[in-house]
Every structure is written in C-alpha cells, then in structure tokens.
Amino acid sequence: MSYSKEKVESILNNGISRRSFLKGLAASGVLTSLPGGILQANEDLNTKIPYVGQKNYQTFRNACPRNCYDTCSIKTYVKDGVMQFIEGATESTYTRGGCCVKGNSYVKRVYSARRLKFPMMQVGGKGSGNWKRISWDYAMETIAKKLLEMKKEDGTLLGAALTKYSGNFGITHYGVEGMFSSIGYTTRLAGTPCWPAGIDAQNLDMGDMWCNDPEEMKDSKFIILWGVNPASNSVHSMKYIYEAKKKGAKVVVIDPIFTEAASKASQYIQIKTGTDGLLALGMAKIIIEANLHDQKWLDANSKGYKEYKAYLDKEIKLDNVSKITGIPLAMIKELALSFAKAKPATVWMGYGMQRHTNGGSMIRAIDALVAVSGNIGKYAGGARYGHLSTWGFNYAALSQTKPEGSVGYTGVSAIKGEFAKESGAKAAYTDRSLNINKTARELLNAKEPKVRLLWVACKNVFSQDFDRNQLIRMFQQLDLVVVADQFFNETAKWADIVLPVATQFEEYDVNVSYWHYWLSLNEQAIKPLFEVKSDVEIAALLSKHMNKLEKGSCTFPQSVDTKVMTIKEFNPGIYEQFGIKSWEELKNGPVKAKAVIPYADGKFKTPSGKFEFYSDKALELFGNALPSYVEVRKPYDKFRMTSPHSRWSLHSQFQNLEWMEDMHPEPYVYINPDDAEAKMVKEGDTVAVFNKQGLLRVKAKLTDNVQAGTVLMYEQWYNNNIYNVNELVDDTSSDMGAFKTGAPGVALHDTFVNFRKL
Amino acid sequence: MQTLQPHDTLRLDEVKHLRDIFNAQNSKELKVAFDALNASIEISQEDLEIQFNRYFVGPMETVADPFASVYLDNPDVFMSKTTLYVRDLYETMGFTYSLKNVIPEDHLGVELDAYYQLLFLEIAKEITYLSDLRHYFLHEHLALWIPRFLERGLAQSERDSKAMTFILLQLKSLLIRETTTTRSS
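Chains as they are written, first to last, in our numbering: chain A, 607 to 1364; chain P, 582 to 766.
Source of the hints: derived by calculation from the structure; they are not laboratory data. A quick note: this is a predicted structure, and the numbers were derived from the prediction, not measured. A virtual CB, placed ideally from N, CA and C, is assigned to each residue, including glycine. Check the hints yourself; a few may be wrong.
Within a straight-line C-alpha distance of at most 16 angstroms, the following computed EDC-like cross-link-like pairs (lysine to aspartate or glutamate) qualify [said to hold, decoys possible]:
id, chain 1, residue 1, chain 2, residue 2
1, A, Lys611, P, Asp657
2, P, Lys681, A, Glu1237
3, P, Lys597, P, Glu732
4, A, Lys852, A, Glu821
5, A, Lys611, P, Glu732
6, A, Lys723, P, Glu642
7, A, Lys685, P, Asp669
8, P, Lys597, P, Glu703
9, P, Lys706, P, Glu721
10, A, Lys714, P, Glu672
11, P, Lys681, A, Glu1112
12, A, Lys752, A, Asp1085
13, A, Lys923, A, Glu1191
14, A, Lys629, P, Glu721
15, A, Lys1154, A, Glu821
16, A, Lys1157, A, Glu747
17, A, Lys1307, A, Asp1291
18, A, Lys1053, A, Glu759
19, A, Lys723, P, Asp713
20, A, Lys714, P, Asp713
21, A, Lys1099, P, Glu642
22, A, Lys613, P, Asp654
23, A, Lys1211, A, Asp1222
24, A, Lys613, P, Asp713
25, A, Lys1056, A, Asp1085
26, A, Lys1169, A, Glu1191
27, A, Lys723, A, Glu1112
28, P, Lys681, A, Glu755
29, P, Lys609, P, Glu642
30, P, Lys662, A, Asp1222
Residues of chain P placed beyond 12 angstroms of chain A at every Cβ, according to the derived structure [to be verified]:
id, residue
31, Pro587
32, Leu591
33, Ala617
34, Ile622
35, Glu623
36, Ile631
37, Gln632
38, Glu642
39, Lys681
40, Glu686
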C-alpha cells in the first residue's frame, strides 16, 4: 500500500493542514474534472473552507406525542443537522429535565436502520413479501384512482375506511381524519380501544372527565393508586407521590398484580380482578357508618345520595365484600377509615380497571367513594382518571368540508371520538361508524357498500385489535390496504402500499396531555430522512392527485407546511388558558395551564348540575342509575389472563428498538409458582397458552407478583415475532363507552385461558 | 481525457455499475445497471427489484443493510459516528452532497460514488491529488465494513437469489482487486 495513513489523518484532524489541502484542491482543477454522481464538486471551497473545530448544538423544542400520561416536553440537541441526544425540558415542572426509558431512546428510533424509508407496493399479493419501490406520486395516484373508481361505482365513498388511533396524539395528526372528511362521507372505525368505559362513567357522575393537576399529589395526605402503575408507565408522576410519602402521606396500591408502583407504596393490597367496584362500595359503606362522610358537601353538591346510601345499606354486605375481593375485612375497614380521615385524599384510577365487562361500573363506584369522602373539587384531592380540558384547539387539520354532492350514510349519527369530534351543521348524510373494538368482524360484515379500501394510520392493527385470523381474512378481501407507519410491523406485512411517516422530530406539531396541564410546541428539528412525510403532507399529496384526476373531488389543501398547519391550531382560548400571547412563546419552553381545581365551584356538567350518584342517563343507557356492584365476567376457561403494558413499550411502539430488545427481548407468560407446579411447568419452559380464540407458544416466567389463578402476558409487538396477546382476547365489550366515544370498550382483562408445557 | 487502457475502462465501469445498482431509484434503473455488469442471469426487471429490496432496501427487515455504520458502530442505527466520519471525508475530498441528512453518507451507493469519482480523477484525468485520500478511504473504511456486509448478504444469497449472489460477488471481487492494486497506473 502506497498511501500514508498518518498524512491523511493529519489533513483530516489538523485544521491548518486541512485548510491548505483544500485550498490546493480548489487550485488543482480537481473539482472541474469530477465526472459527477450523487456527490457533486464543492465549488465553494475557494471561499468556504469547512470549520473543523467543535460545532455548537442547535436546540429545538419537541414533545412526545405517544399515548402516555406524561407527554414529555423535550429539548432536542442537533449538530450539523443530526440529532445527538434529547433531554426532558427543564421548564416543565412535570417533565423536569427527564424522560422515560422509551423517550430516551428517541435518537435510536429516528435513526433506526429498520425505519420505513420509501413508499412501497406489495406485488404478488398481501403477505407475499414481494415489495417494489414506488414514487410518492405513483402511490398517491394509485390510491386516488381507486377512491374515484369506488365513488363512481358505489355512488359514495363509504367503501373507503379509516382506522386510526393512538400512535401519535399530536394535534395536526387529526389531519388524517380531515383527509378522509375531505374526500366525502367515508367509513370510520370509531370509538377507542383504551378508556371508553371510564370516560362514560365519569361523564355520568360529573358531566365531564377532568382530573386535578397531578403535581398537586405532592400535597395529598392519602393516595390510592388503584389499578395504575406509574412507576412503569407514568414515571414523572412518581416524584409527586414520593414527595407526598416523604411528608407523611400514605400511598396504597390496589392491584391484582404486584407492580413496580406497588413495590414503592406504603401498602399493597392484592385484590381479586374485577372486584374493585365492590371494594369501593364497601369502603363507602364503612365511611358512612362511621359518620366520616362529608354530609355538608353531599347535601350541597350531589344528586341521589339518599338512594345510593339506601343501596349500600341494603345490598352491600361487608363480609361478602371481603370474601369476593379477597381482602380481609379488618384491612378494608382500616383502609376506608384512614382514607376518610386524611384530608385531602385522592384516588388515581388506571385504565386497566375499566377493561372489564363491569369496568364502567367500577369507575362509577370509585368516583362515588371519593365524593362520599368529600374529596371532589378539593386541592390535592379528586377522583383522577384523565382529562381533555386543555385540548381546546381549532382542529383545523381535522375540520374539512365534504366535496360538493357527497353522498353518505343515513343510518346513525355522526362519528364520535374522545379527543375531537366532527363539527359543523347537521348534514343529511353522515360517515358510517363501525366499532373499532370489533374491527375485523365489522369490516367483514359491512355491506352496501362493502369496504374495499382501508387506510391505517397511527395504529398497528395486528398488535392492537382482536382475532388475528379474522383480521388476515379481512385484509385479504380488501382491494387496497394502505398502511402509513414508521416501521414495518405485522400490519404493514398485510398491506398493499406502505407509506413512510415522519417522526415528530421531522415535522411541526403541538401537544398536550390527558393527564398533566402542560402545553408543548413540537418543532421540526431535522430534515425528514429518506422519503418520509408527515401525515398532513400525505393528505395534501393525496388531495393534489385526486383533484388532478377529478377537480373538486378533495377539499384538503393541496400543499401544506407542517409549521403553518400547526400555527392554525392555536386560538385565543388556548392563549388565555396557558397565559401566553402567541404560539411563538412556546419556543422558549412549554407552558402550563392556569391553576384550576376541577369542580371546586360545585358546578358539574351533569343534567342536574351536581355530582350524580343517581344518573337518569345511566339508567337510560345502561339500565342502572346508581354506582352499584356488577359482577365481573364469569370464567370460561381455567385461568384469567391479564395483558397490561410493560415499561419497555407503549402499546406496539418502542419495543422494536435496540435498547428495549436488550432489556426485554422476547415475550413471556408470567405464571404463579403454585399454578406452574400443578402444571409441571418450570422457569424457561415453552408453554402453549390457549383458549377458544387461539393459541400462543411462549416461554414461562414464574413469579408470585401474579396471583394464583391468573397469568400475565404483556400487550405489545415484538419485532420479527408474530406474538400478539390479543390472539387470545375475544372482542367482548365492557359495559360502557358508547355514550361518549361512540362504541363500548373491550373487556381485555376478562380473558380466560389454559396452558400446558410443550 | 487520455485514451484509457481496456483494463482501466473495465475497472472504472465496474465501480460505476455497482454504484448505479445501489443508487437505483426504480426497477428500470436497477435493471440497466445490473445488465451492464454482464451477468448471464435471466431475471425480469420486477423480480430483480423485489429481490434487491428484500436484501438491501426493505420495507421488511433487510438481509444486509447497506450502511457502514451498521457494521462499524451499531447494528441497529445509522447516522452515527461512522456516517459523520464519512461526511468529513467527503468534505475533504471536495464533494458536496445534496442529500445531506436525508440519506446517510455511508450508504454503499454514495460511498461507491465517492470511490468512483476519485478513481476517475486518477485514471481518466490523471490527477493524483486525491490518491492518498482514495487509498485511505479504501483501506481504512471500505475494506473494514464491506467484507462484513458481503458476509451477511452471501450467507443468505447462496440459498435463494442468483442475482443478488452475483451482485455481491462482483462487489467482493472489486474490493479484492482494489485493495490489492497499488497506485493507478
């Protein structure tokens, strides 16, 4: 070898040496002699000799848009156009400079070698694995042609269906729904797989779902974490819980599973699954009998307390409560009385609890308990579940008009959703609404017209929906399936076209939380990699192609700038609520909504204007006016299966990243040692977990964190693994949800299975 | 331009064709570049692209990612230390890159382009000013990661794609030839 490594490295590493080399390069005529390719001659070398010293970081404001309590405010550090690292914004007292294990992996997510890079089309049939690269124009023209062909043949676009949920809760991402609104009346998978039963419950009780600021928990004297595991899934909330505990508050975790949060609590109470409502009713009875209830508040602010008390007196037997919940009566009494005596006291209800056939009823029972104790409308009190009170954006990307002459569905009222609702004048037609929690079945059964095109955005259907075999059948019978995503997952595998979507660091957006009270701007920090586009850019491109083929067929803007789209979401109400004059102030950091204590003024948005123990609406919709004991679903197999979230993933996101795979590379079934012994299963054995729905082969981990009679398998998507816990879940509904979100939730945790060693 | 010797033309063309294969934007460009390598393999334009995408593009997890950083830094990410190092090298070579921060500089197609252009200067233009940099790039960078890329690709290709095997073997022979050739004549 006749080159000098030292000489070259000296040029590369020494500023002066490099300057003279580059000057020589410019002088030697090399640049004019290059044949040209992807790389071009840098003709500016004469004047712009690169600075080779340390370059400073540029910083950008970002936010985590995932379906998570914490919705972290992020500060992103970029050097020479490349993201180097992120940190939680220090300006947000909630995020306070930190992110969770998932958020900290964002650089690896953005620059993951596994990201979808180009629009691609699957030739040779869905699932064939034969993919061709296509241009964006070709992709959009293909989709536009299909839509217009369907419209011509059916006389409507109801054959086009959209399923979208929680992959990105950024406000401009409602532009996906806007895109579908802008082409005509379409079919929407409506409702939410997450929290509908609880939303209904709180709306029945209080006329809204509005939780106190979580930062107040530092001043609570008694905190019950009821079926929620913030130590894994809302890590920033833990500092307030720790602070309260340090100041002497009691922190009790009530959960069927011994969670990470339980390990940090003052007391852990292992309850039998699905009996939480009964425990709350029993506690309320004890509090009232001990005369520790807040009669003054109840008299002034509630409706139906008398009927509720009569129900407790007559129907709730404390011995039964103890027997059914599996908690000693003395422990229940001590819990109830100490909760009632502590002021302020609060309960945080998790989203697992309402994923039962009696889920909404259980939330209503706990709301009632908190009301009886006089902790509603109090600083550091409250029945905490979630809120949408800081979501008053314009939904400009969402709000699109239908093209002239659009024909739609005449069957039911407009689509509902928990974050944003269709608005505008009442039309003769509506979109067609199908239950998102029965996706496969509803799409297969939809007729006149049948669904022929499905657009999937912000969602991994095969990881989050139920009955995989039926989903495959449904996907295969569709003419065209479009999946817009950041990674190739099980849903993309069954698509005809995949479209690569930008991460939040490659687009502008705005984010708020359904838990805390902070507002964050999300700036574009880096150029979009490869050929990725944001959801609103995709919508605009589709509009361009639809209008090219048929003028007036799509009302979505034909070109967009994500920054301009983001700015359009702000309004004076938002500015007033957050105490800012312009969105530009958010470039300095996130801001918090003005302090407010929900219902402190005693005004509830219920029909009576009061907290409703007795709800006429509940009676009308669900046949039961009072918070009352509803037995959980009867077992149909030997073991109950629960499928909570793990700390390494957020539904089907993050688990495919290197750091998560290092820590948690494969799925397990967690079995109580007693159950394992009876089945002769040892740690690490491969077992078949099965029921009437399906069968999964998975390794066993033995732990008494899970109670006997129950197995646990995390809900998530593992890269290159078809594991999906929902293969074992039927789509049985929870009791509530249709009232506010358009469809009931799914009783995920009322799944029953058996298992055997393989 | 001087009159090139046949072996010089062949040498330049092979780098160029391989470059064009890895930089192809569609099946037509890919087939043209593939055919230019004179493979005696009958394959349709569509099948060639399908196989190429399965190996090197996606959308499914590829057989062998064509990014140096995946082999030298971290198997799961690009735009890391090696990418920025290659960016620095290009700057020193006098190149600008219009796809900066869009497609990482250590993508095989971009690297082959850099190598082709440097070789062209030496062979066709008889400018040896960047010769040391070319050799450095070859021995201290390309020769470090391309063998690992080839190993991963060939382990799979022997089983199911003659066309990909051919491309990978052409790249292998190019690398062997270039690393065992001293200065350009």
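Structure-based check of each hint:
1. A:Lys611 / P:Asp657: violated, 29 angstroms
2. P:Lys681 / A:Glu1237: violated, 61 angstroms
3. P:Lys597 / P:Glu732: violated, 22 angstroms
4. A:Lys852 / A:Glu821: Between lysine 852 of chain A and glutamate 821 of chain A the Cα gap is close to 15 angstroms, so the pair holds against 16 angstroms.
5. A:Lys611 / P:Glu732: violated, 26 angstroms
6. A:Lys723 / P:Glu642: OK: lysine 723 of chain A and glutamate 642 of chain P at ~12 angstroms, within 16 angstroms.
7. A:Lys685 / P:Asp669: holds, 13 angstroms
8. P:Lys597 / P:Glu703: holds, 15 angstroms
9. P:Lys706 / P:Glu721: violated, 24 angstroms
10. A:Lys714 / P:Glu672: Violated, because 26 angstroms separates the two Cα atoms, which is more than 16 angstroms.
11. P:Lys681 / A:Glu1112: holds, 14 angstroms
12. A:Lys752 / A:Asp1085: The given pair, whose Cα atoms are some 9 angstroms apart, holds under the 16 angstroms limit.
13. A:Lys923 / A:Glu1191: violated, 57 angstroms
14. A:Lys629 / P:Glu721: Violated - the C-alpha atoms of glutamate 721 of chain P and lysine 629 of chain A are around 24 angstroms apart, more than 16 angstroms.
15. A:Lys1154 / A:Glu821: Violated, at roughly 52 angstroms.
16. A:Lys1157 / A:Glu747: holds, 14 angstroms
17. A:Lys1307 / A:Asp1291: holds, 8 angstroms
18. A:Lys1053 / A:Glu759: holds, 14 angstroms
19. A:Lys723 / P:Asp713: violated, 34 angstroms
20. A:Lys714 / P:Asp713: violated, 34 angstroms
21. A:Lys1099 / P:Glu642: holds, 11 angstroms
22. A:Lys613 / P:Asp654: violated, 25 angstroms
23. A:Lys1211 / A:Asp1222: With Cα atoms ~14 angstroms apart, lysine 1211 of chain A and aspartate 1222 of chain A stay inside 16 angstroms; holds.
24. A:Lys613 / P:Asp713: Roughly 8 angstroms between the alpha carbons, so the hint for lysine 613 of chain A and aspartate 713 of chain P holds.
25. A:Lys1056 / A:Asp1085: Answer holds: lysine 1056 of chain A to aspartate 1085 of chain A is near 11 angstroms, not above 16 angstroms.
26. A:Lys1169 / A:Glu1191: holds, 15 angstroms
27. A:Lys723 / A:Glu1112: holds, 13 angstroms
28. P:Lys681 / A:Glu755: violated, 40 angstroms
29. P:Lys609 / P:Glu642: Since the Cα atoms of lysine 609 of chain P and glutamate 642 of chain P sit roughly 23 angstroms apart, the hinted pair is violated (cutoff 16 angstroms).
30. P:Lys662 / A:Asp1222: violated, 64 angstroms
31. Pro587: Consistent with the label, proline 587 of chain P stays out of reach of chain A, its closest Cβ about 19 angstroms off (over 12 angstroms).
32. Leu591: Correct as stated: the minimum Cβ-Cβ distance to chain A is 16 angstroms, above 12 angstroms.
33. Ala617: holds, 15 angstroms
34. Ile622: holds, 18 angstroms
35. Glu623: holds, 18 angstroms
36. Ile631: For isoleucine 631 of chain P, whose nearest Cβ neighbour in chain A is about 4 angstroms away, the distance does not exceed 12 angstroms, so it is violated.
37. Gln632: violated, 9 angstroms
38. Glu642: violated, 6 angstroms
39. Lys681: violated, 7 angstroms
40. Glu686: violated, 9 angstroms
Going down the numbered hints, you'll see the structure goes against 1, 2, 3, 5, 9, 10, 13, 14, 15, 19, 20, 22, 28, 29, 30, 36, 37, 38, 39, 40, while the others check out.
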